[in-house]
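Visitor: Spelled out, the chains give:
There are 2 protein chains.
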Amino acid sequence: MAVDGTDENNLEQGIYTKDAARLGKNGRRRRSLSDLSSSQKCGAWASHFQRLFVSFIGADWIYLMLLGFIMAVLSFTVDIFVDLFTEAHSWIYNLADSHVVLQYLAWVTYSLFLMCFAAGFANMVSIQATGSGIPETKTSLRGVMLQEYFTFRTLVSKVISLTCVLGSELPVGKEGPFVHVGSVCAALLCRFMSLFSGIYKNKARNEEMLTVGCAVGISCCFAAPIGGALFSLEVTSMFFVARNYWRGFLSATFGAFIFRLLPVWNRQEETLTALYATKYRLDFPFDLYELPIFAAMGIVCGFGGAFFVYLYGKISLFVKKQKAKNSFLMKNCFLYSALVSVLISTLTFPPGFGQFMGGRLTKKDSLISFFDNRTWSNHGIVADFDNDDHLAAWKHPQANVFIILSVFIIMKFWMSALSITLPIPCGSFVPIFVIGAAFGRLVGEGLATLFPDGFNVDGHIYHIVPGAYAVIGAAALAAGVTHTISTGVIMMELTGQINYTLPILISVILANMVSQSLQPSIYDTAIRIKKLPYLPMLSWGHREKYNIYVEDFMKRDVRYITLNSTYRDIIKILRSGNLKTLPLVKSAESMLLLGSVGRVQLLGLLTQRMQHLREDNASTMPVRYKVRFQTSTEESASASTAKPLKSALKKPPVDEEEITSVYDSGLNLKKFFCSRPEIKAMEDDSDAEDDTILQEIEEWEEQQLVEQVTFSSCKIDPAPFQLVEHTSLHKTHTMFSVLNLDYAYVTSIGRLVGAVSLKELREAIEDCTPADGVRLRPVLSTFRDRGVRGTTTETIALHQLLEHQISR
Amino acid sequence: MAVDGTDENNLEQGIYTKDAARLGKNGRRRRSLSDLSSSQKCGAWASHFQRLFVSFIGADWIYLMLLGFIMAVLSFTVDIFVDLFTEAHSWIYNLADSHVVLQYLAWVTYSLFLMCFAAGFANMVSIQATGSGIPETKTSLRGVMLQEYFTFRTLVSKVISLTCVLGSELPVGKEGPFVHVGSVCAALLCRFMSLFSGIYKNKARNEEMLTVGCAVGISCCFAAPIGGALFSLEVTSMFFVARNYWRGFLSATFGAFIFRLLPVWNRQEETLTALYATKYRLDFPFDLYELPIFAAMGIVCGFGGAFFVYLYGKISLFVKKQKAKNSFLMKNCFLYSALVSVLISTLTFPPGFGQFMGGRLTKKDSLISFFDNRTWSNHGIVADFDNDDHLAAWKHPQANVFIILSVFIIMKFWMSALSITLPIPCGSFVPIFVIGAAFGRLVGEGLATLFPDGFNVDGHIYHIVPGAYAVIGAAALAAGVTHTISTGVIMMELTGQINYTLPILISVILANMVSQSLQPSIYDTAIRIKKLPYLPMLSWGHREKYNIYVEDFMKRDVRYITLNSTYRDIIKILRSGNLKTLPLVKSAESMLLLGSVGRVQLLGLLTQRMQHLREDNASTMPVRYKVRFQTSTEESASASTAKPLKSALKKPPVDEEEITSVYDSGLNLKKFFCSRPEIKAMEDDSDAEDDTILQEIEEWEEQQLVEQVTFSSCKIDPAPFQLVEHTSLHKTHTMFSVLNLDYAYVTSIGRLVGAVSLKELREAIEDCTPADGVRLRPVLSTFRDRGVRGTTTETIALHQLLEHQISR
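If you read the protein sequences in the order shown, they are chains A and Z.
Using the numbering used here, you'd call the opening residue of the first sequence number 1 and step up by one each time.
Using the numbering used here, you'd call the opening residue of the second sequence number 1 and step up by one each time.
With the rest of the complex left out, here is chain A:
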């Protein structure tokens, strides 16, 4: 199983032998080191330590803790800069208090400048940084890996422009982008670690790590490890693997720990507490009579969440349509962002309309004030709390607190829905939290005004806690928008109080039920609008509609290799596409599927052949040709070993790239085997070359290529995933989803008749779905569905089956 010299490698990398071939070079280098050190004791120790180091680096927990640490530092740094930006904003604003117009200009232009910079930076450095990033992460984890979304460029673009956007006080959040940033960090860290340990070259594992990245992203935003781990599982996967759950927890816990530790070290805080720590009473959190109100809030938030998603979808589609029409406004990405920025900051201008909607508070300040322990209202008028700037924002001489809260909710609702359609990095989570909290505070304050005496239980008087209503409202609205339960858990961790578990969970579940029956989640809506290659779920309730079998949508024109394939055939096939594996059939006539051979294996065969040619066939080679050939191959060999390690960060599959790049450039086939360009050069050098010699060379080349491949040294997967023609679309979809397959071969009585990849499957599903896009199913509706796992028995009548048998 192990390629020569990678034995010690294999041991440390568990069963990650998939990439063993690629490691060949590293392994050889290491072995040559230990050979050398057998004479030197010191060297032996060095090699021992090196091996220990590799095995240490290969351990999951090192990776997970590193990831948590990096994300925590990133999140903390972003927070610091955002604070700096907002402080500067209020400083400039206060500086210009001589005249209201000056103040207005200071207020608006500051935001405008930051917004334009953010939009420009994101669009110039990496366009993939715009938007939330959760839809793309979700797609990469289930549908197709969107490689360009996980580059260092995207990371830089996303982090820097996100900081500016948040600093501009637009009602967008940090959480969605941080899920994306977490995934990018996870992907980049995998690539970096792959320099030290082969375990990180396994693609399946690295994709799993993206899920962990999501968990850490949330965890480092809200200091909510449990909620983060759960959110990542809920949002990204249909099927959880116990392993990922563990990894998520470990990394998220460490990330949250560092994220909360940094402010303590920075002397901003005394100790590790929740981000928005609340201090509601512990002995009597709520009365039974309040429960129906919490439940009603959940239902209202469900409707609100669905409406938010609807609004977002409408605005997005409108913007998209305008863009397609290529109107002037949409031509320039700056202009749209700038316009929205000016609109929003004009409306929130504190001396203007902003005074009716707490305009001068940032999102953070608003949340703190909503979660406040105290009851604001005394029959509608905010009581005087000394030296508390946050609460004063809700006090207005002409309007009572209910009006201000209502205006705040309505204005922020459409502003948030509008803002998250901008071509900038932006999340919808935190603005939704703020709106939900405002709604909860409104309800709470209303009740506190209606029942100023609170509840009398056994002689104790317990007043209503409007802050708790804000907590519940925030959780429920977020649940309604994202269709997750974990928002409730995040809320508990965020506020540091768990004694509202039951009201929170009840309202979150109700919000989910209502919202899921009305609209897809905001992420699924974004996937639909952006037309991302996400493998949609089938709506099982109407499976009669999907009366489609594999034979109806499989790709019939499958490239295959046979036992009689020549080197020429293989090169042709390898050039014709970038399939990871190729089916091996007995012969082109019988088409009996023997197994599948990896692309890497075939490339290995070609390399072997090259070496073989150089060593043995030297005698049969034309003389002049031989000299050049040997020179060139030796050169290329020395060049490849001298390749700096650094480049691995950019191009992980070094060996493959090396070989394929040779193919893809012009006269590649022959160059690869026979270094033809050298011959050409030779031709140019010597003016009058003999035609016969050239003829001879070409014939010799032909011979080399026409020869049959010997597969004896090739590793063959004897049992590639196979389907039969009659497998239904449903069953295929289930298997692809659950087993996370990329492709499967279709056989009929052992004969290869076609292949199905994610692409064909997706197209087949999309063909059955309404024309207005992919229909994405809400999670809750799965409540009614049967087990996707388990043997799905789908039946046809015999005469149909026999028709097929006969037609074969």
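Hints listed in this document are in silico derivations from the structure and should not be mistaken for laboratory results.
Be aware that a few hints might be false.
What the hints assert, rightly or not - Think about it this way: if two alpha-carbon atoms lie no more than 27 Å apart in a straight line, the pair counts; the simulated BS3-like pairs of lysine-lysine are:
{"#": "1", "chain 1": "Z", "residue 1": "K279", "chain 2": "A", "residue 2": "K279"}
{"#": "2", "chain 1": "A", "residue 1": "K586", "chain 2": "Z", "residue 2": "K586"}
{"#": "3", "chain 1": "A", "residue 1": "K279", "chain 2": "A", "residue 2": "K395"}
Based on these hints, arrange chain Z on the given structure of chain A.
Guide: Then chain Z, alone, in the frame of chain A:
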């Protein structure tokens, strides 16, 4: 797709068509109702409401809320009775305070009586009620459904004897048994609901509901919905389905809500709070310097947890060995239980040794005292707290609090490990919680004594909170024993405070890491000791060892039907086993696999045939015979319709049982078709029957059975799950695990060559594992493993592949 008359059924049951055939009867009954009602308006409405009712009942959330409600009421009732028992115990104990011997007798015999009753009841009513039940549930969810563990008898036995055991104050918990009780309730509720809606006849769905049952069980024990949902996923599944997560949350939340609502209604509590609500300070939960201590506690608890599992395993094996030797002590299950009960209650006798270990406190009282807000010790001596019985138990004139706590920990450690090996319903979770909390309290009190002045942060003095150490210790030790993270979440919900999230998670993760590297979890140990048919995980690290392919362990002697099969063949096959589906091949010579046919389908064919015979072939039948035959079939037809619905609760697949029971009783084949016994009776009646007539009848019978089956009306699954001979054990295992398969056919170039069921797979895996039993892998070690999902590429060399090709 739909069987006649079940259309409306199908609509409401989503895609649960698997059992459509079985529903035939119900559907027909309903339709006949609607036919009738077409003349009567009122009847139409009735049928409409009936359909609405069926669709309502079929909705998941109804089921889930019902399950939560039932479990909450059960849990609350058990708690009430346990409280009654313990109150009675202390009443009797106090009554006998005239003399210490009398008191001792009262103390010991009370426990002894309850224990003996519990052991006797459990062993007599249903032996399946003994033990925790989590290992069995785990096995049923992954390996083989242990039907006898999910009966009403087991439920009654478990609940009643559990109440007595808990009342006897043995150091065992309620949580393990309640996971089992939850699953049993889920299974029984499915059966009950199946009377109203066909959706509940789907086996795969019902098995998924068992997971929900586990979540509700935990949730109703600890009022911990989030922890319960997570624990059930962690313990029972390797692969989570998003659907189950939702279901678990919904049901667990409702269960916990009702469970906490009942005491409020019962006027025991004022409002819904946590079960062991704590009131630690919110502003400064802990100092940074305390974190290393929390981490160290996690590591110590990891070792402690592993040692507990080791101890439990050793005791269990010892007891098992003794039982096998059939020694007198072990012959009688009472004697062992009684002896342990006497030993433990003697040691805890408060005026005796019990005074050094808080003997008079129940588990609940101990936990309350450990989680207490106050610091007990003032340099080792418990301060005087007025009117607090619980804390007074830790005060002793001769010994300081550290000695008492240490004695408590040591004694309870072995007592708990011993108690959970008894043949009674018992869980290990709560005793472990108590021990962990005691350990935490010990550490906390020690620190409070070392640093009596606490921490001075920015002029504020913060004292150490030993109660928080108890919380963390409890979570960490429970994590070490059960190998889960959710114990931390359960702990937070149990105490109603979340501001120790980070310390709890850190210590829980560390405890897991240590413990998992030393021992399997307590549930896996129990599975190993009880030799339950659990599909073990393969240790991927050494997959070279498992160089085994499907062909090496598949069952080659597969029963199949061909297109030319006669009715006789089918009857023979159906009698020979109880396979759910049978492969259909083209002919016995070609063995080309066409698909698979369900047992139910074949039974349907036979029933059809019977009706056909009665109606059409009457003319070819010998005369006398015909008369009898018609009478008998009519009788049986009327009998089957008159069958009461009630019996469905006992025997779900009514139709099948009906038919197979006919086969299995003596002269069944012929009786079924031709009601031969009637003929015999006839023979007996008339003395001198003509031999020629009998001959004629037998020949006619032969003709009927030899006739070829027409499969035209039969539903055939055209794509049963297929493997090829070369599929490795690993890959097979992965597919079976992930897709939750029961069986798969093995084909070679389209020809059926064998079949693999869970049984063969398990045996194959066990053959590769060490002789001392199934090797179960810790969860954390999966950290190192590659994706089980994704295409596992296993390769062999060509020559091996071709050898097989040639040998074919």
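Visitor: With reference to the structure, classify each hint as holding or not holding.
Guide: To see whether the hints hold, each was checked on the structure:
1. K279(Z) to K279(A): 11 Å, holds
2. K586(A) to K586(Z): 24 Å, holds
3. K279(A) to K395(A): Between K279(A) and K395(A) the Cα gap is close to 23 Å, so the pair holds against 27 Å.
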